[in-house]
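**Q** Here's the letter readout for the chains.
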Amino acid sequence: MSSPPTDGAPLLSVRDLQVSFRTRRGPARVVNGLSFDVHAGCTLAVVGESGSGKSVSSLALLGLLPDAVAEVRGSAVFGGDELIGRTEEQLRRVRGAGIGMVFQDPMTSLNPVLTVERQIGEALRAHEKVSDEGVRSRAAELLTEVGIPDAASRLRAFPHQLSGGMRQRVMIAIALAGNPRVLIADEATTALDVTVQAQIIELVARLQEEHGMGVVWITHDLGVVAGIADHVLVMYAGRCVEEGAVDDLFDRPEHPYTRGLLGALPVVDDPRPARERDDLVTMPGLPPDPVDLPAGCAFHPRCPVRADARCATEVPPLAAVSADHGEAHRVATFYAGGDRA
Amino acid sequence: MRGRETLALLFRSPTAIVAGAVLVALVVTAVLGDSLAPHDPTATDVSNRLQSPSTAHWFGTDELGRDVLSRVIEGAAVSLKVGAVAVGISLVAGVLIGLVAGYYGTWVDDVLMRLSDVLFAFPAMLMAIAVLAILGPGSTNAMIAIGIVYTPIFARITRASVLSVREEVYVRAARSAGAGDLRIVGRHVLPNVTAPIIVQTSISLAFAILSEAALSFVGLGTQPPDPSWGRMLSEGRGFIEQAWWMAVFPGLAIFVTVLAFNVLGDALRDVLDPRQRSAMAGTGVTP
Amino acid sequence: MTRYVLRRLLQSVAVLLGVSILVFAIIQLVPGDPIRAALGQQADPETYAALRERAGLDDPVPLQFVNWLAGAATGDLGVSFRTGETVLSQILARTPATLSLAGAAIVVALLIAIPLGTISALHPRSPVDWFASLSSQAGLSVPDFWLGILLILLFAGTLGWLPSSGYTPFTEDPVDWARHLILPAITAGVSSGSILTRFVRSSVLESLGQDHVRTARAKGMRARDVLTWHVLRNALVPLVTVAGVQLAYLLSGVVVVEYVFAWPGLGQLAFQAVESRDYPLLQGTVLLFAVIFLVVNLVVDLAYARLDPRISYRSAR
Ligand SMILES: Nc1ncnc2c1ncn2[C@@H]1O[C@H](COP(=O)(O)OP(=O)(O)O)[C@@H](O)[C@H]1O
Ligand SMILES: [Mg+2]
Chain A
1 MSSPPTDGAP
11 LLSVRDLQVS
21 FRTRRGPARV
31 VNGLSFDVHA
41 GCTLAVVGES
51 GSGKSVSSLA
61 LLGLLPDAVA
71 EVRGSAVFGG
81 DELIGRTEEQ
91 LRRVRGAGIG
101 MVFQDPMTSL
111 NPVLTVERQI
121 GEALRAHEKV
131 SDEGVRSRAA
141 ELLTEVGIPD
151 AASRLRAFPH
161 QLSGGMRQRV
171 MIAIALAGNP
181 RVLIADEATT
191 ALDVTVQAQI
201 IELVARLQEE
211 HGMGVVWITH
221 DLGVVAGIAD
231 HVLVMYAGRC
241 VEEGAVDDLF
251 DRPEHPYTRG
261 LLGALPVVDD
271 PRPARERDDL
281 VTMPGLPPDP
291 VDLPAGCAFH
301 PRCPVRADAR
311 CATEVPPLAA
321 VSADHGEAHR
331 VATFYAGGDR
341 A
Chain B
1 MRGRETLALL
11 FRSPTAIVAG
21 AVLVALVVTA
31 VLGDSLAPHD
41 PTATDVSNRL
51 QSPSTAHWFG
61 TDELGRDVLS
71 RVIEGAAVSL
81 KVGAVAVGIS
91 LVAGVLIGLV
101 AGYYGTWVDD
111 VLMRLSDVLF
121 AFPAMLMAIA
131 VLAILGPGST
141 NAMIAIGIVY
151 TPIFARITRA
161 SVLSVREEVY
171 VRAARSAGAG
181 DLRIVGRHVL
191 PNVTAPIIVQ
201 TSISLAFAIL
211 SEAALSFVGL
221 GTQPPDPSWG
231 RMLSEGRGFI
241 EQAWWMAVFP
251 GLAIFVTVLA
261 FNVLGDALRD
271 VLDPRQRSAM
281 AGTGVTP
Chain C
1 MTRYVLRRLL
11 QSVAVLLGVS
21 ILVFAIIQLV
31 PGDPIRAALG
41 QQADPETYAA
51 LRERAGLDDP
61 VPLQFVNWLA
71 GAATGDLGVS
81 FRTGETVLSQ
91 ILARTPATLS
101 LAGAAIVVAL
111 LIAIPLGTIS
121 ALHPRSPVDW
131 FASLSSQAGL
141 SVPDFWLGIL
151 LILLFAGTLG
161 WLPSSGYTPF
171 TEDPVDWARH
181 LILPAITAGV
191 SSGSILTRFV
201 RSSVLESLGQ
211 DHVRTARAKG
221 MRARDVLTWH
231 VLRNALVPLV
241 TVAGVQLAYL
251 LSGVVVVEYV
261 FAWPGLGQLA
271 FQAVESRDYP
281 LLQGTVLLFA
291 VIFLVVNLVV
301 DLAYARLDPR
311 ISYRSAR
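These protein sequences, in sequence, are chains A, B and C.
Going by full-length UniProt numbering, the first residue of the first sequence is number 1, and it counts up by one from there.
Going by full-length UniProt numbering, the first residue of the second sequence is number 1, and it counts up by one from there.
Going by full-length UniProt numbering, the first residue of the third sequence is number 1, and it counts up by one from there.
The hints are simulated quantities; they were obtained by calculation from the structure and are not laboratory data.
Built from N, CA and C at the ideal position, the CB exists for glycine as well.
Hints are all accurate, no fakes.
Label pairs and their calculated CB-CB ranges:
1) B:V111 - C:E172: 47 to 53 Å
2) C:G71 - B:V46: 53 to 59 Å
3) C:L134 - B:F11: 17 to 23 Å
4) C:R7 - B:T140: 42 to 48 Å
5) C:A178 - A:T190: 56 to 62 Å
6) C:S165 - B:T55: 34 to 40 Å
7) A:G164 - B:V27: 55 to 61 Å
8) C:L29 - B:G105: 28 to 34 Å
9) A:D132 - C:P124: 36 to 42 Å
10) B:T194 - C:E206: 24 to 30 Å
11) C:R306 - B:L36: 55 to 61 Å
Incomplete in silico selection of chain B near chain C, CB under 10 Å:
12) V118
13) A133
14) G136
15) A213
16) A214
17) V218
18) L220
19) V248
20) I254
21) V256
22) T257
23) F261
24) N262
25) D266
Please construct the entire structure, taking both the sequences and the accompanying hints into account.
**A** What follows is the structure in structure tokens.
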């Protein structure tokens, strides 16, 4: 367990989350025992290449995966209640009101044929009775809060009439409508250009402060993490391979995969010539096929180090390397600069 | 080409197997015809008129005492022949027009496609009736009329496929290497339009058989004494109160035949042309 | 918008001109003398000559066409050879019957297609889906004239609930109008219903997979509201086009269904015009069908723009 950076119980506590999909080729094991905590007022960044199971994990928490093919196990406690295995109606009450979500592509994530007012209104009405007047004024307030000028006229707009950044602000307004205590932003800035990206990040940081929300910031881009995250979790093939306070992780990445993401080369103990080591910066190879995960450490076929015979046979456990600032820095590798495991 | 694979995939679909079996049985029936029929389909027996189905006459007898089952069997050949020839006409004419329009583009394309717009704005059944008004009623003329009506669909499908293939690298390469137009069409374009054409052929056979039956039903298709399902049905309509079997069995024969071709067409589309699944016959009119 | 409509109207006029030329050409190909056919063999030569003269049949063909076109442009479609009434009045007399039948048939089609297509999309590969797919195949394959006869046999014959044929104008007796309408409407609606069922299924399936449906669920909306407002509402947009094409087809006279039920609609009128070589009548009804087809298509495209705010017709599409 990571020790909380602030006092008090976590808002959301996920333990040993596992998700597999029934596919024609057999079960696709997409999430394989993921654990994390989300605390009020803190931002947890979940980082990993695309396909590592970040979106699936967050959708699984709210029961948003297709029931027919997805099997979810493990535990996720939110506000004292277990979410996994809940009925649709119980989960529905949590969606939006307890945990809000912002998705990647604000063009496709908004309904093209409904007005902004209507789409924010739906989020308001999902959890309480609101009059038409109430919806209009509250929706306008929300738009103002997410930094959209001239809110009253924007309410009548359709998504295609707004810029990409505006649309994402609308998505955020929708997510805020239910007053959630946890906000999950899944690649919320990936589809936007750099300046807009910065504005959205700033907006989420401000809202988090004002509302005291816990934020889960999902991204495949470590670059945007440094500025906003308190805690970072690096995911590979549905597992946490390294986590820790943002400064620890950036200053002393332990896992070869994290180092690869950061573009830092594992200088020590690497017997290979520099030319080959450079490859890691661009991360050669692809994440494993979830239907056919490699034995042992899922990263070992791509790992430039492979320091230990157990790499190909045993899954390295997640173990603490240090506990600076009272927050554990943990890593799952047999390498990690020494023989700890 | 991929004939064997296609067959193997088709055999995975139970409905396609049933449809295929029905069609094989139909063709056998059409070929053997007389020798399968329990009675002479034209032999009248007035003392035995309007008999309900029995062991002697499974489908009953008509107003002249003829055996309905034998007449339905005899009708299979007529229906299949008219359907096949009509579709053959639209296939050949449509593919040629589509190839010319798609391959040469420019004003030829414009003229041909505007012409097919005009034809589309013209109700199909009425078009067939009008053509029969010019040519006179009869099963040969019905084949021609139906063939004309379904030509634009084949032309459009071929043209669309040609357009998507035309600019592809290998066609340009073939052209720059000095290959003649005919060779390019034969080598590169035709193989690529085969899949949608096969699918459309099966579906058109269904609609052609349906159209022939409809034309015969209103008296413009197959003429007496040839038995035709559509005409038997229209004769049976006059005796619907006394002898339901006269109308029910020929209609059932049309229904089963058309259904088999439609099911087969759909299964073929799934196998050969998965992208086209949602584009259906009857909706091809939208821009 | 206005410019778009204007351009579409111009294109439609071009297609109408094409249709007119085509019909005129076809008519020239029809063997036999229409006046002789209308009057019978023993008509006296003077009446015959007078009628030929009045119909302008002795003019050169291009002149005949230009005369007809000039008349058509002012709403004068000529006079029927057979009855001597104006073509326009005959068409107008048949219009209410055709409107009733086509309207009722498209309602039947949608009543079949929307529930069946939606349910099978919500449960793909289930027994319901299989049943829906098979019944839409069947609906597409069943000869409408046979279906009509079976319905007459059952509901008019055996059960005696409904009349077997004929038409009562709504203005005369609305109840009788409806009773006469039910069987022909079902007969004509089944094949359109089958086509639309398949379309609704694929459209709803596509709609279900959209990102915004996930957003709607993530808001905490009730499943029923998500289905109505995010799945069906969006699937409806393309349905308008396909249903419009079906309506145009039904309006263009479902000749055979009208024949089976002795329904005095435009399809029957056109059929009779062909049979009796009544050229002015044929020319007029065919032109009307083309107009219906083009107008419905235009209306459908405009309706599409209302339903889907992304489409703007200001610029060329
Ligand atoms: N419905 C599904 N059926 C099968 N596999 C799925 C399904 N949804 C997602 N996956 C698989 O789950 C893996 C992880 O996806 P995702 O969570 O979207 O990755 P990330 O968000 O980290 O980019 C991918 O390999 C994807 O193919
Ligand atoms: Mg993702």
